[in-house]
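8 protein chains.
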Amino acid sequence: MDPAALSELLAAVAAGDVEAADAAERLRRLPYADLGFARVDHHRPLRQGMPEAVYGPGKTPEQCVAIVGELLQGGDGPVVLTRASDEQRAAVLDAHADGVTTGATVVWRALSPARPERIVIAAAGTSDGPVAAECEAVLCAFGFAPLRLDDVGVAGIHRLLPHVEALATADAVVVAAGMEGALASVVGGLTAAPVIAVPTSTGYGTAFGGVTALLAMLSSCAQGVAVVGIDNGFGAACAVTRVCNQRAGRA
Amino acid sequence: MDPAALSELLAAVAAGDVEAADAAERLRRLPYADLGFARVDHHRPLRQGMPEAVYGPGKTPEQCVAIVGELLQGGDGPVVLTRASDEQRAAVLDAHADGVTTGATVVWRALSPARPERIVIAAAGTSDGPVAAECEAVLCAFGFAPLRLDDVGVAGIHRLLPHVEALATADAVVVAAGMEGALASVVGGLTAAPVIAVPTSTGYGTAFGGVTALLAMLSSCAQGVAVVGIDNGFGAACAVTRVCNQRAGRA
Amino acid sequence: MDPAALSELLAAVAAGDVEAADAAERLRRLPYADLGFARVDHHRPLRQGMPEAVYGPGKTPEQCVAIVGELLQGGDGPVVLTRASDEQRAAVLDAHADGVTTGATVVWRALSPARPERIVIAAAGTSDGPVAAECEAVLCAFGFAPLRLDDVGVAGIHRLLPHVEALATADAVVVAAGMEGALASVVGGLTAAPVIAVPTSTGYGTAFGGVTALLAMLSSCAQGVAVVGIDNGFGAACAVTRVCNQRAGRA
Amino acid sequence: MDPAALSELLAAVAAGDVEAADAAERLRRLPYADLGFARVDHHRPLRQGMPEAVYGPGKTPEQCVAIVGELLQGGDGPVVLTRASDEQRAAVLDAHADGVTTGATVVWRALSPARPERIVIAAAGTSDGPVAAECEAVLCAFGFAPLRLDDVGVAGIHRLLPHVEALATADAVVVAAGMEGALASVVGGLTAAPVIAVPTSTGYGTAFGGVTALLAMLSSCAQGVAVVGIDNGFGAACAVTRVCNQRAGRA
Amino acid sequence: MDPAALSELLAAVAAGDVEAADAAERLRRLPYADLGFARVDHHRPLRQGMPEAVYGPGKTPEQCVAIVGELLQGGDGPVVLTRASDEQRAAVLDAHADGVTTGATVVWRALSPARPERIVIAAAGTSDGPVAAECEAVLCAFGFAPLRLDDVGVAGIHRLLPHVEALATADAVVVAAGMEGALASVVGGLTAAPVIAVPTSTGYGTAFGGVTALLAMLSSCAQGVAVVGIDNGFGAACAVTRVCNQRAGRA
Amino acid sequence: MDPAALSELLAAVAAGDVEAADAAERLRRLPYADLGFARVDHHRPLRQGMPEAVYGPGKTPEQCVAIVGELLQGGDGPVVLTRASDEQRAAVLDAHADGVTTGATVVWRALSPARPERIVIAAAGTSDGPVAAECEAVLCAFGFAPLRLDDVGVAGIHRLLPHVEALATADAVVVAAGMEGALASVVGGLTAAPVIAVPTSTGYGTAFGGVTALLAMLSSCAQGVAVVGIDNGFGAACAVTRVCNQRAGRA
Amino acid sequence: MDPAALSELLAAVAAGDVEAADAAERLRRLPYADLGFARVDHHRPLRQGMPEAVYGPGKTPEQCVAIVGELLQGGDGPVVLTRASDEQRAAVLDAHADGVTTGATVVWRALSPARPERIVIAAAGTSDGPVAAECEAVLCAFGFAPLRLDDVGVAGIHRLLPHVEALATADAVVVAAGMEGALASVVGGLTAAPVIAVPTSTGYGTAFGGVTALLAMLSSCAQGVAVVGIDNGFGAACAVTRVCNQRAGRA
Amino acid sequence: MDPAALSELLAAVAAGDVEAADAAERLRRLPYADLGFARVDHHRPLRQGMPEAVYGPGKTPEQCVAIVGELLQGGDGPVVLTRASDEQRAAVLDAHADGVTTGATVVWRALSPARPERIVIAAAGTSDGPVAAECEAVLCAFGFAPLRLDDVGVAGIHRLLPHVEALATADAVVVAAGMEGALASVVGGLTAAPVIAVPTSTGYGTAFGGVTALLAMLSSCAQGVAVVGIDNGFGAACAVTRVCNQRAGRA
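Here the protein sequences line up with chains A, B, C, D, E, F, G and H, keeping their order. So this note's numbering is basically just the index in the first sequence, starting at one, shifted up by 1. So this note's numbering is basically just the index in the second sequence, starting at one, shifted up by 1. So this note's numbering is basically just the index in the third sequence, starting at one, shifted up by 1. So this note's numbering is basically just the index in the fourth sequence, starting at one, shifted up by 1. So this note's numbering is basically just the index in the fifth sequence, starting at one, shifted up by 1. So this note's numbering is basically just the index in the sixth sequence, starting at one, shifted up by 1. So this note's numbering is basically just the index in the seventh sequence, starting at one, shifted up by 1. So this note's numbering is basically just the index in the eighth sequence, starting at one, shifted up by 1.
No lab work stands behind these hints, which were simulated from the structure alone. Where hints are given, some of them may not hold.
For each label pair, taking beta carbons as the anchor points, the in silico distance ranges come out as [to be verified]:
| id | chain 1 | residue 1 | chain 2 | residue 2 | range |
| --- | --- | --- | --- | --- | --- |
| 1 | D | 163 | E | 114 | 53 to 61 angstroms |
| 2 | B | 146 | A | 77 | 33 to 41 angstroms |
| 3 | D | 67 | A | 113 | 53 to 61 angstroms |
| 4 | C | 18 | D | 166 | 38 to 46 angstroms |
| 5 | D | 163 | C | 163 | 26 to 34 angstroms |
| 6 | F | 88 | B | 91 | 51 to 59 angstroms |
| 7 | B | 77 | H | 98 | 44 to 52 angstroms |
| 8 | B | 74 | H | 149 | 20 to 28 angstroms |
| 9 | F | 63 | C | 18 | 31 to 39 angstroms |
| 10 | D | 77 | B | 95 | 32 to 40 angstroms |
| 11 | H | 170 | G | 88 | 30 to 38 angstroms |
| 12 | G | 88 | C | 61 | 31 to 39 angstroms |
List of simulated lysine to aspartate or glutamate pairs, EDC-like, C-alpha gap at most 20 angstroms [as the list claims (entries may be wrong)]:
| id | chain 1 | residue 1 | chain 2 | residue 2 |
| --- | --- | --- | --- | --- |
| 13 | F | 60 | D | 99 |
| 14 | F | 60 | F | 77 |
| 15 | B | 60 | B | 95 |
| 16 | E | 60 | G | 71 |
| 17 | D | 60 | B | 95 |
| 18 | D | 60 | B | 87 |
| 19 | G | 60 | A | 20 |
| 20 | E | 60 | E | 71 |
| 21 | C | 60 | E | 152 |
| 22 | B | 60 | B | 87 |
| 23 | G | 60 | G | 77 |
| 24 | A | 60 | C | 95 |
| 25 | A | 60 | C | 9 |
| 26 | H | 60 | F | 152 |
| 27 | D | 60 | D | 87 |
| 28 | F | 60 | D | 87 |
| 29 | B | 60 | B | 77 |
| 30 | E | 60 | E | 9 |
| 31 | G | 60 | A | 18 |
Every value quoted in this text rests on a predicted model; they were computed, and no experiment measured them. Glycine is no exception: its CB is placed at the ideal position from the N, C-alpha and C atoms.
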């Protein structure tokens, strides 16, 4: 209940238009809802630009349909379904037809790409592509138009160097890399922008499903690189959104 | 070599003031230094607001004195010595007298606290204090005036709630927590600001020197929480600086 | 052999009704059976309210049928089959028709829900549902009527707060959470009741199949939270039963 | 703000005694303080019987003195200092003279041992003693008079069997064991009481500082054994207190 | 080249029947083959009673057929195929008809069960059965007639006690247990015989595929328990065979 | 209570020499003591040749003195103190003068070396010496006269080959090796005797304090190698004693 | 931009043939492209003899076809596809017909086997075969003719000894071994050649998918053994190629 | 026994100068000594250029003195003592005066630096210095004159680029790096030379004492990078020596 509504209610009580008991009842009946509502006030800016999202794995197609439907009805912002199987996507798009599919991600009500921030998503190898794509799709849902740099892993450092300018002038950079995850350190040394590193489960043997890249990114010799969970392209997009929303909010 | 200097040199060649051979020599003699210099151009904004820092452990007091001295001479920005032992601090402050000590951190030439960003550092327990203090000292070195919230761990959620407003309106939040690291998730749900989580080695038994908090923070159910290494208060400060510098740069 | 029976036997010997040699034989012939029997006496209260249970995975449907049959014949209390596959459930229900299925759990001879204890099962997310459901089904088998709180994870702390009263007045609380498992700490700070935390294998990447939640729960900053194994909803129900049986026994 | 106070306020608004704006201000200004205060009400029973505790390691003797002093002033229940070094204990007892030391634990204002619950603390080996002692000291602080069974590890199962009766009739059992931690399983099979298992860092080689015992206890084949963190005798005592307080509350 | 052959060769040289140069050539030409042959002499007793064995997983049915065939032709002792799939077993038995199947193990040319040693195989739960069965089948291949004790896990210690005599008088005991593996410690305390512990991958959650049982068995508080790899029933049988062969050899 | 004593008691009841009530009391009063006593009968052969042992670390010198004293008084077999510090050894030898020190092990009442079994202790490197020495001292305490082979690691396989005969004809072989622990596999291939492998914490970097050797030994490609815990020379000696006692018992 | 070109450009500026501004533009416009190009010069020798390779897993057959096609067009050296599934191989060979398949590896344009270096690939067991085969196929692609030694694991050390000469005189040795990986240490002690150890995921239980062999090889007591990732036969071949190319380059 | 000696013996038998039986006895009596001797022949080239080395930690100064003395007497090549403490170095240099100390390494009889191979040792940070220095000292002992590149970590990629030429033309490159170990990948992409990566225990938090760098290097996206154990500068030097000795041998 926002201050205005509260004032209005109390004014109505003062004016005799609402009984004190009714007002008490209204306020009392939903103390937590109210509290929640009040908190929703705090949450509203929080949620501005933050996606309503559904994580596909472990859910039946029916559950996906239902939850996506609920989210579409419960708000008017973007809704995202991630890591959806073919079957899940088929079912959900059948029920909620206007979703846009990118890889394993489906987005409804993406904002039009009007945000000015320059976001770079650098992926070390082609197999880091799906994670980068998830990140990109989620950023697009919020109206960003990120620049994708693919296959710029450090074993061929010359592939990365042409993009130094783009990295140096970015508002935020997401680095998706598996195996030894060294790209995060190199990129972190080439830009002063916030760097969000996403370890990917790309690789085999001692890559250990992303653990090696995770540890390497957390131990990066580049100052101030921040890390999200393995394969969490969605989380990286959210971290970028946090960075940019605040900035926009202050402008 | 920046474009102006390059144009100037070439103009001098064209004007006959500089011999072509001399110019070639100058350009050729330092291809990498030049390249490096060019890159320093990219690096200069990168380094703006990024600390020149020395990590104390494993160095002799003499080495600390020497490296700090070098950094003080090589630039005019803040210089930071972290996790310095008593002996290291004594030696370094003896040699470079105007450093300011906070816990195990020493800062020289801190910028005056003129930056407007509202940074919150939330520490779960009193034993997370040293990590929070390191983060705070480094942020102060850059002219931030962060707000410290201490002892706001989730086992007493009522201790955190009075600060919801501060969290919701922050430009960036650092969360330092050991043990199960749950504070990052709770804070992440209470603010839309960038959240940098620092797992600390606080705790015992199954806290495993910060690994439990690290894993928990990486697995946070709050969207977009980003994580730095265990006890890395310095890294969190750098991540915040990256966030705020970019914002400032665009304003 | 209880004291009365022993006295009786010895009296019969003294009276000449039983030969000393026969008595010796009786006592000697079954030292361990006797011991076992005696121990069964100790076990009887132990088993009161503790389920006869079969863990489905790794057993053939035929083995499930046989073991459930044996347990149904060997006692008259509740019998529980957990984590049964579709095939296992079909076979077992075909053979032992009066079982009641909840998710992957089947219960025979559930006690009528007459127990007065207020048990709360709090699940952090919808994907923790199956673990919470297993716990609930087993508790119901013993005559409890637990209160389920679903989707009360800490990233939206406002979802949990309306239930503070229920938590504070519970006789025991089970917390099922995956990912970073922070809910256990928050709940542990909101109730003085025994809290049994069940880490779930929910989550991905650094959730590591429940290990992160497990470590986080064991390291909880809330005092006195006790933990069972990953996904062990059955074990949590048994721990609650231990707590409540003792209490009932003393009343 | 309780319903009565709320009704009263609204009635005053209706009566014109309080301005609507003032009421709005009052309601708006203190939602969280109010909430916090209300929550303290929930916390009060929660804290009944739960210790105010200080964990020694990592604190200076001065910090220990200060925190213990604060806790002694801030309430009138038991105050516990755990894992205190010799130096810490000396300093704290010098400042707060009436503490009672048991091993590395100091207790102030222990309740008189009047609680009727039968608590058993079973320790596998002599080196598990310090953990068992910490648990015992904390339980004594709350007025329990636990029964200690020492050196009853499973390699000599005959040492445990004389205590079967005590285990079977206990209200709660704490099992402290290192190495392979098997005692928890054996005890869990001998009693229907709540069993709180504490893995200890006792042992060497593959005991891995308590990890082996921890995993073994979490994987116990005895149903419903619950586990706290490694060496966490304090946590086990708190878990027992949770169990018994609730029981007492319902009686 | 055995001593007799060597003497014969040298005698032939002495007698002039073989040229010294030819003898030198013969001896020199096959130094390693010769050495190998000599070493086979040492290997022969080694292999007495040790199985020729094929590990099924990862081999095609055709490869199984070929390798078993080779082993059957290359010697006259028992041949064992372990962990064979249905398809592998079908193919191999089709080709080498007289194999005897027990679970996933097939044995050809088992020795008649004439060995006098009393071997006990104790399995904690029914799901440890396949590992115990593999061990049993291999032991039977060597002419042992082991005693199987099933479902004697420590949570019901009364189930084990009737077998104390059998354990105490055994020549060797194999303990197969998963979950927390506590049976090894209890059995180790009940017998002076060699105890070979086999951790099994039985269990779920924190059993971690046998790692928990493995660590627990290696950390057993019972003196002198020796451990083989996870699920390695075959290895346990071989360890027992080593023990008993030596004994037989010395008798 | 053995059968004869039981018959006698019952006969006395039948004869009226003992009251039935008194007999009941006697039988009832000491069921567990009796049971324990009976079990001690089983334990006696178990303990034959098994050491009474004290593990030094974590005990005060006074505790070592007391426990050793107790063991010396409570029996007449060998008593062993392992991994004793200089201070512990000084204190204990001062109190119990006739102990014999080998490295960090002290033995009292060692049996005279009359046992005929040929035990080989093979140590890979000089730094595995202390573990091999502990094993040797404990075996000597039981009257074995083991053969030590030092510095026979596999990187110089020629150092091991001269001892092939000794290995092939041994009654049991203990292999102590750190780093990659390969010696166990090589020795296991050279002898049919029972092989007890002891991983040692020798090595650095990826030796991980013995874990690498432990895993390697458990995964040995040599059939039937059995493993004890890291650095557990004592446990290896006990395992050998189990092997040889049984053999001796059957002779 | 090489020195000559630079001098030429500057001379043209001095001569007035090129405007200073144009020269500045030219120099400024392509610093990285130029640099990149220059670096390609450094890369050319680097790539000589190094394979253009595609890692199959995680790619669709279509992607494999496309990438292989690109590599075939983009150069004229060998192209390698590793770990290709049946389906991938079928598709790729259909599109690019002249590939030669060995196991799961396909090679196009293998160099004729003209290189003189003696490379030995020693595989411990038959199940290490696929890894050894991958290594062999890649080496063959570069014109090596490696010697394969199969089934020479250390449990039967006599199988390895006949090949001592081949090992001692090799130019490089690759050792592929799973389980405990001991073969690397034994081979490392038998040759002065570079030894590249490849841990394989062969084995079960405590082999932990190659981790045990990996750790063992890294901890090898043989000096100077170098290790590549688990199952990385391709990487071992590349390491050998690095060794031999340099040698060839210097000859 | 070399061919000539064998021929001579057999000729003596043929001539009647030696009895056949005596010859048989001689040949039979020393098969392994002979074999050993023969193998020493194989070992001699193996040891050429490989250091006689002593690892300091865990040895008393006296043991160091003795072992170094033995090695100095037993050959005439270089002798190396690594990771020696101050005390060890003092004692050893006192006894064997002509050793040359570099950091914690002492070398006796270093070969004069005459080897032509260009070896580069690249260290990521100053704290990787001791490992690089150990590697350098051992290489110098063999007559190499390696080029040290210090502080060329990837966070400042411009520091590495001036050395691209040196890397591209090296005969072998050693990369010492801690933290995330990314330098190995970058260097591996800049040179076709053999790259030996040494993870160092440099770093804190998630560097996990070198494990992160180890895993990263093993997972390097640069083809054919080979890895030695953590901090094993000595091992890297030996690996380089293997590479270069073979090359020299073939020249």
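* Which earlier hints can't be squared with this structure? -> 1, 4, 5, 6, 9, 10, 11, 13, 14, 16, 17, 19, 23, 24, 25, 29, 30, 31
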